[in-house]
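Novice: Fit chain B to the supplied structure of chain A, relying on the hints for placement.
For the protein sequence lines, the chains are A and B, in the order given. Position 141 (the first sequence) corresponds to 141 in our numbering; numbering is contiguous. Position 287 (the second sequence) corresponds to 287 in our numbering; numbering is contiguous.
Hints listed in this document are in silico derivations from the structure and should not be mistaken for laboratory results. Please note that a few of the clues may not be correct.
Stated by the list, open to error - Calculated cross-link-like contacts (lysine to any residue; reagent style SDA-like; alpha-carbon spacing at most 20 Å):
1. Lys278(B) x Ser388(A)
2. Lys360(B) x Arg173(B)
3. Lys207(B) x Ser197(B)
4. Lys407(B) x Ala475(A)
5. Lys360(B) x Ala267(A)
6. Lys360(B) x Tyr380(B)
7. Lys278(B) x Pro351(A)
8. Lys278(B) x Pro394(A)
9. Lys400(A) x Asp433(A)
10. Lys365(B) x Leu174(B)
11. Lys407(B) x Asp371(B)
In this text the structure is predicted, and so the values were computed from the model without any measurement.
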Amino acid sequence: MSTAATIWISGPVLRARPDGPFRLREAVTVGEQSLLGEVIRIARDEITVQLYEDTSGLRPGVQVTGSDQLLSIRLGPAILSRIFDGLLRPVGDPSDPYVKPGMQVQAPQRLWFTPSVRVGELLNPGVAIGEIASGAGIPQRCLVPPDLPGGRVSAIAEAGEYSDDQAICWLEAPDGRRLTVAMTHGWPVRVPRPVQARLASDEPMLTGQRIIDCLFPVARGGTGAIPGGFGTGKTVLLETVAKWCNADVIVYVGCGERGNELAGLLAELTELEDPRSGRPLLERTVVIANTSNMPVSAREASIYTGITVAEYFRDQGMNVTLMADSTSRWAEALREVSGRLGELPGEAGYPAYLSSRLADFYERAARVRTLGGEIGSVTLLGAVSPPSGDFSEPVTTHTKRYVGSLWGLDVRRAQARFYPAIHPLQSYSLAADSLVRWWHAIGCTRWQELRRRFLTLLEEEARLERMARIIGRDAMPARQRLVLLCAQLINQCFLRQSAFSTNDRYATPSRQAVMMRLIGSFIEGAERLLEVGVPPEAIRDQAIFRHLMRMGEEIPEGDWEAFSALDQELTATLRRLINQSRAGSAEDAGASEVST
Amino acid sequence: MTYARLVGEEIANRAEGPLLFLSRSLDVGLNEAVEVEGSDGSVRLGRIAALDQHSITVEMLDDTAGLALAGTRVRFFGEPLRFQVGPGLLGRVFNGIGRPIDGGPPLAAEQAYRVDGLPIKPSAREAPSEFLETGFTAIDLMNSLVRGQKLPLFSGGGLPHDRIAVDIACNARLPGKPEETEEFAIVFAGIGIPHDSAEFFREELEKSAALARTVLFLNLASDSSAQRLLAPRFALTAAEYLAFVEGKHVLVILTDLTNYCEALREVSASRGEVPSRKGYPGYMYSDLATIYERAGRIRGLAGSVTQVPILTMPNDDITHPIPDLTGYITEGQVVLDRDLHRRDLYPPIRVLPSLSRLMKDGIGKGRTHADHPALAAQLYASYSQAQQTRVLASVVGEDGLSEDDRKLLVFGDEFEQRVIHQGVEARTLEESMAAGWAVLRGLPRGELHRLDDRQIREHLLGERSQREPPR
Numbered sequence: 001m002s003t004a005a006t007i008w009i010s011g012p013v014l015r016a017r018p019d020g021p022f023r024l025r026e027a028v029t030v031g032e033q034s035l036l037g038e039v040i041r042i043a044r045d046e047i048t049v050q051l052y053e054d055t056s057g058l059r060p061g062v063q064v065t066g067s068d069q070l071l072s073i074r075l076g077p078a079i080l081s082r083i084f085d086g087l088l089r090p091v092g093d094p095s096d097p098y099v100k101p102g103m104q105v106q107a108p109q110r111l112w113f114t115p116s117v118r119v120g121e122l123l124n125p126g127v128a129i130g131e132i133a134s135g136a137g138i139p140q141r142c143l144v145p146p147d148l149p150g151g152r153v154s155a156i157a158e159a160g161e162y163s164d165d166q167a168i169c170w171l172e173a174p175d176g177r178r179l180t181v182a183m184t185h186g187w188p189v190r191v192p193r194p195v196q197a198r199l200a201s202d203e204p205m206l207t208g209q210r211i212i213d214c215l216f217p218v219a220r221g222g223t224g225a226i227p228g229g230f231g232t233g234k235t236v237l238l239e240t241v242a243k244w245c246n247a248d249v250i251v252y253v254g255c256g257e258r259g260n261e262l263a264g265l266l267a268e269l270t271e272l273e274d275p276r277s278g279r280p281l282l283e284r285t286v287v288i289a290n291t292s293n294m295p296v297s298a299r300e301a302s303i304y305t306g307i308t309v310a311e312y313f314r315d316q317g318m319n320v321t322l323m324a325d326s327t328s329r330w331a332e333a334l335r336e337v338s339g340r341l342g343e344l345p346g347e348a349g350y351p352a353y354l355s356s357r358l359a360d361f362y363e364r365a366a367r368v369r370t371l372g373g374e375i376g377s378v379t380l381l382g383a384v385s386p387p388s389g390d391f392s393e394p395v396t397t398h399t400k401r402y403v404g405s406l407w408g409l410d411v412r413r414a415q416a417r418f419y420p421a422i423h424p425l426q427s428y429s430l431a432a433d434s435l436v437r438w439w440h441a442i443g444c445t446r447w448q449e450l451r452r453r454f455l456t457l458l459e460e461e462a463r464l465e466r467m468a469r470i471i472g473r474d475a476m477p478a479r480q481r482l483v484l485l486c487a488q489l490i491n492q493c494f495l496r497q498s499a500f501s502t503n504d505r506y507a508t509p510s511r512q513a514v515m516m517r518l519i520g521s522f523i524e525g526a527e528r529l530l531e532v533g534v535p536p537e538a539i540r541d542q543a544i545f546r547h548l549m550r551m552g553e554e555i556p557e558g559d560w561e562a563f564s565a566l567d568q569e570l571t572a573t574l575r576r577l578i579n580q581s582r583a584g585s586a587e588d589a590g591a592s593e594v595s596t
Numbered sequence: 001m002t003y004a005r006l007v008g009e010e011i012a013n014r015a016e017g018p019l020l021f022l023s024r025s026l027d028v029g030l031n032e033a034v035e036v037e038g039s040d041g042s043v044r045l046g047r048i049a050a051l052d053q054h055s056i057t058v059e060m061l062d063d064t065a066g067l068a069l070a071g072t073r074v075r076f077f078g079e080p081l082r083f084q085v086g087p088g089l090l091g092r093v094f095n096g097i098g099r100p101i102d103g104g105p106p107l108a109a110e111q112a113y114r115v116d117g118l119p120i121k122p123s124a125r126e127a128p129s130e131f132l133e134t135g136f137t138a139i140d141l142m143n144s145l146v147r148g149q150k151l152p153l154f155s156g157g158g159l160p161h162d163r164i165a166v167d168i169a170c171n172a173r174l175p176g177k178p179e180e181t182e183e184f185a186i187v188f189a190g191i192g193i194p195h196d197s198a199e200f201f202r203e204e205l206e207k208s209a210a211l212a213r214t215v216l217f218l219n220l221a222s223d224s225s226a227q228r229l230l231a232p233r234f235a236l237t238a239a240e241y242l243a244f245v246e247g248k249h250v251l252v253i254l255t256d257l258t259n260y261c262e263a264l265r266e267v268s269a270s271r272g273e274v275p276s277r278k279g280y281p282g283y284m285y286s287d288l289a290t291i292y293e294r295a296g297r298i299r300g301l302a303g304s305v306t307q308v309p310i311l312t313m314p315n316d317d318i319t320h321p322i323p324d325l326t327g328y329i330t331e332g333q334v335v336l337d338r339d340l341h342r343r344d345l346y347p348p349i350r351v352l353p354s355l356s357r358l359m360k361d362g363i364g365k366g367r368t369h370a371d372h373p374a375l376a377a378q379l380y381a382s383y384s385q386a387q388q389t390r391v392l393a394s395v396v397g398e399d400g401l402s403e404d405d406r407k408l409l410v411f412g413d414e415f416e417q418r419v420i421h422q423g424v425e426a427r428t429l430e431e432s433m434a435a436g437w438a439v440l441r442g443l444p445r446g447e448l449h450r451l452d453d454r455q456i457r458e459h460l461l462g463e464r465s466q467r468e469p470p471r
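Just chain B, with the same shape it has in the complex:
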């Protein structure tokens, strides 16, 4: 933080939860950063949330316990919150407001960036089109991720989303460029997560030697909610610096956005704002957009910011405002399923409601494989039919089904067991595609409307020798 512009003493009138109300004796502006030094000697960070002629409302980012009104000094910085970043960011651990908590020295600052970021002009964006291999068939083959995309994981309590996030962080690569790992960086932001999850991430990344190219931002469940609102913004500021200044390809993992939205609701309620759906503020869509929209590529710059936010759907309800608004902003979603998880399939990704909107630009001829789009489309069509057939079978029984319908049922099971399920082994896209073709072979030809005759001839009849499915 730069030097204070103005100092106010004895101006605090009221403190309530994370909010501090000051008399307006100074010329300060909205959203600017302040530091509050209590009579107990501790210094707390805050920002100006509302202003009128007579008073200033400050939102405290640190715990307000112990803060007294008398003897409180407030320092105003005259500018929005900034994060000072510079080389040496990688490998460090920060709290939610960008202070090192790994016991290391303060960061050698090169420049201070506004934590709120600035919207990228649509015309300055490079349309994302580089296929990013994650090692998961359900993502690579069915819902491909591309660089610069924001693809959230819609999860639920008790599902292995942390594991999946770590696997993506460790296995993600651009096919054909294995030596590119040096330019690859991970920014991980834990938002309101329990200490155990934070430790899990740190350990797993350390095990795979990825920690050296990772920046961690940890806002634990016990930290203040106002800080929770800033954790993703500090993390994204670091990511933008790594991507657009240092030219790295950055994968940002934000977990758990549900905690972020809860904090947003809490802070909004304490400000006395009119609530919208389920008590969340009416501006939640715009607010979430200021986080998610920071993914992308900029024309003429080397790096990219790819986001994999994780959110747990309250009560597994995809129509809850948090996943609903997220789905309207992000470029698709990957939905985890409790049923698949119970059957011990990993990753338990439910492909039908999952979607990658940018997939079309990243796959196909010249990018992945010419037949990739048709294969994915056929698998989707057949699996969705298989699901309908399952419903039918649960009513009339399997014996009441026609021959073709029974084949569909078998296909549905095989698809889950051999394409979705892969255990701990990462697959290359070639292996994923081979697994996909293999399960299609059992289907009657009349079902294969999304494939042309050449694709059927080449992949499903005859020349199957070199493309055996992986065990």
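Pulled out of the complex, with its shape left as it was, chain A reads as follows:
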């Protein structure tokens, strides 16, 4: 292995004079503490290394040792339900509360393996050789690593407990080489794992959040971004999605964010149960933590580590969702390293390759047929933290070019504690049309129609609000007042959803559909009333309006009787108002209701 002598250090970057060949993106270790780094630039007589740890105490002359391998992480079944730093080194060890330089990779774990292939079978790369029970949680599979050529099984371990770095399957490659397969294997983080084919996606990644699932959905294998200034609820929204979305595995990358929030998330994931399996949510989660005070360059690597882990689980035929909070911190890490290298800065000081790096990242989201012939997906959701909440800055604008769904967070909604503070007019989803059939299939036949209706109403509301600010609400015609009333109902009852309410923290598609339909009936009923001359205020002052407003909070999942009672109450109220109006006493009725 080649070595090099350090000649210059600045923050996380060092330059060294090599005495042998180094490769770009090769992993290196530096000094006595074996600090981990990566070669990011090579010249004939000098290499530049980016270090992933605190560089205090490093001095010129310190030795840099090459590894002859690209920067890689070790993927294996024991990753699940654990917490790691940006380079997949465990930070869950409770004996030392502090992150110190020179941390080690995860020690081998003993796991139960059950083979599913026999001696003599011909295996392609990426095919399963057996099941692994990792104690608790979801069953996993052991695959032939995708970078091996595959071959005929010459021996396979019997069912039993093995160390995860021990060979359990021996293959004879077509060229006669003998290959071994263990439960873990290394994979370079910056190289996407191969698949058989990318597939179109027609199934939603359900988040349990009504504004996302119904108005701005994301498909399995799709991408979404959440831009928002500080305090608009990016982290809470991502955490809520991490808790309740219907993925098999969640990879949560806390990239340059707060330690206390990650601690809170870990505590909640341990306590909360997955509504589908009844097991703790932590069992399906991998947390990659690189808080804002941990070394900056590891922040850059953590995104790639996260997505490589996500692809590893995808290759086992699972649906994986990755959350990155926040991609802006990742971009800033790029900027910092680029600045130290003296590269020519682009927009706002970010390197000119920012846009292509973002594209590389979001392009790794996909629904695929794996090498083993199964269907899996990786859905990517990234938070963006624009400085001063200004969406015209480079990270937000470039991100917008690559994502399929955008959930723009609004400061004014957040200040009124209207969460999720997604602004309907600053958000979009390109996936909506491909998901209509899925909603149809679960029985919500009017999904597309109602979604359009809601969006038009919200659009109209924004226009009318501007007018109301000038002439006053009462001076507006009844039809416009009705639009405002309906929009209020959609906003307050349907789009607002408290992440901390036990009834409403997530909503199943059926519950979302029922609520959508009820609001639809209200809108249609109120319009009919308006035609016969009943003003919107008369409807607003009925008890049904308050009941509808609070149905999300008050009617729990699965209580369909309460919903149908509400439906009956709505029909009855509308009929009563119509009859009263026919009897020519609409005004009186309205007046007498107001006084209650």
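Specialist: Just chain B now, with coordinates in the frame of chain A:
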């Protein structure tokens, strides 16, 4: 400081502002501490800021006036800056680099800690969830503070942030545990503050007899900027010692972080680094994080570090890089408002842009009061509507408003006068909640979407006898 490892003589080549450039004849590492003894006999502290094959750049922490190149001896310690702390820390006053300035004896050192600290593993952190009562309704009821949180005050020049900080330091308590004061300690770091503010804090703390459980770190406006960068780090090292070794609950007040960021910009410029937004260095986010992230609790250890950093927003602009980056790191913010201050309301806290991210974990059933979350949510929703109505009223006039809108206007005023404003009296959470329910009573029922029927029945109709608002 421990003994010097290496000594270099006649190696200084150039001095420029706070930076000293030495030839590299010795084997030393980045970030290590040095002592520079000038030909004038005075000893100055510094640290190694940059290294290459031929030269060493030292950032001086003491004033460099009077320093000559000839005859200068440099002592290298071979380790990063450390702060020696031990029992007897409480009640003392230090300068920004941990030297006693109260005329007392040097500290009986127990152990030396790296002033830069080490990042706490997220998995070793205990999620903060203990409600800490500050005595201010706008914080306790609307933006609750919990132990281990970092909640900055975003202020402006001329606003009473010092007063608020002192009141929080004196009134803060865990409800239900009044006798816990002995375990409670305050670390106060004045970063680049005028002498008057420093005196104000010292006097006020003395008056309330809190000085005996306080450690003061004073970096005055006249001290060097490089020292300014270290003052919060020394203070937090002391806080971590008190919290995680002595098991105390420590409230750290850092004022004023704007001065810290200005110093960061100055030092960065003198090193010739590429500037980012408004001339501040690109790494300011990461640098501020190494300060703010030192708040928290550690699983299995008794104490906690809670931070209330204060910063003055340049030109009252919340989108300025200093408050902007701070807001992205801290767990919320409390924003002070000039308009409320002019109307003589105290504390002049603008609740709409204020936020406490950890509030949800510290309030509600079993922690404060079961109806606390709903009450706060309702007050927020209605006050934000009242603000919109005010805009409307300024255009169409109050007469053009509907009955309900006029009620909202009244609510907005009452909320500011009776909930936000409280004068010098500290309120318990019960009193704060009663004040909140009282102002909600004037609103039409149709506006109360965030309350359920039971809450309306219990707190707003009927049984109001035992919960009269405080005068």
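Novice: Against each hint, give a clear statement of whether it holds in the structure.
Specialist: The hints, checked one at a time:
no., hint, verdict
1, Lys278(B) x Ser388(A), "holds (13 Å)"
2, Lys360(B) x Arg173(B), "holds (19 Å)"
3, Lys207(B) x Ser197(B), "holds (15 Å)"
4, Lys407(B) x Ala475(A), "holds (18 Å)"
5, Lys360(B) x Ala267(A), "holds (14 Å)"
6, Lys360(B) x Tyr380(B), "holds (14 Å)"
7, Lys278(B) x Pro351(A), "holds (18 Å)"
8, Lys278(B) x Pro394(A), "holds (17 Å)"
9, Lys400(A) x Asp433(A), "holds (19 Å)"
10, Lys365(B) x Leu174(B), "holds (16 Å)"
11, Lys407(B) x Asp371(B), "violated (24 Å)"
Checked against the numbered hints above, the structure violates only hint 11.
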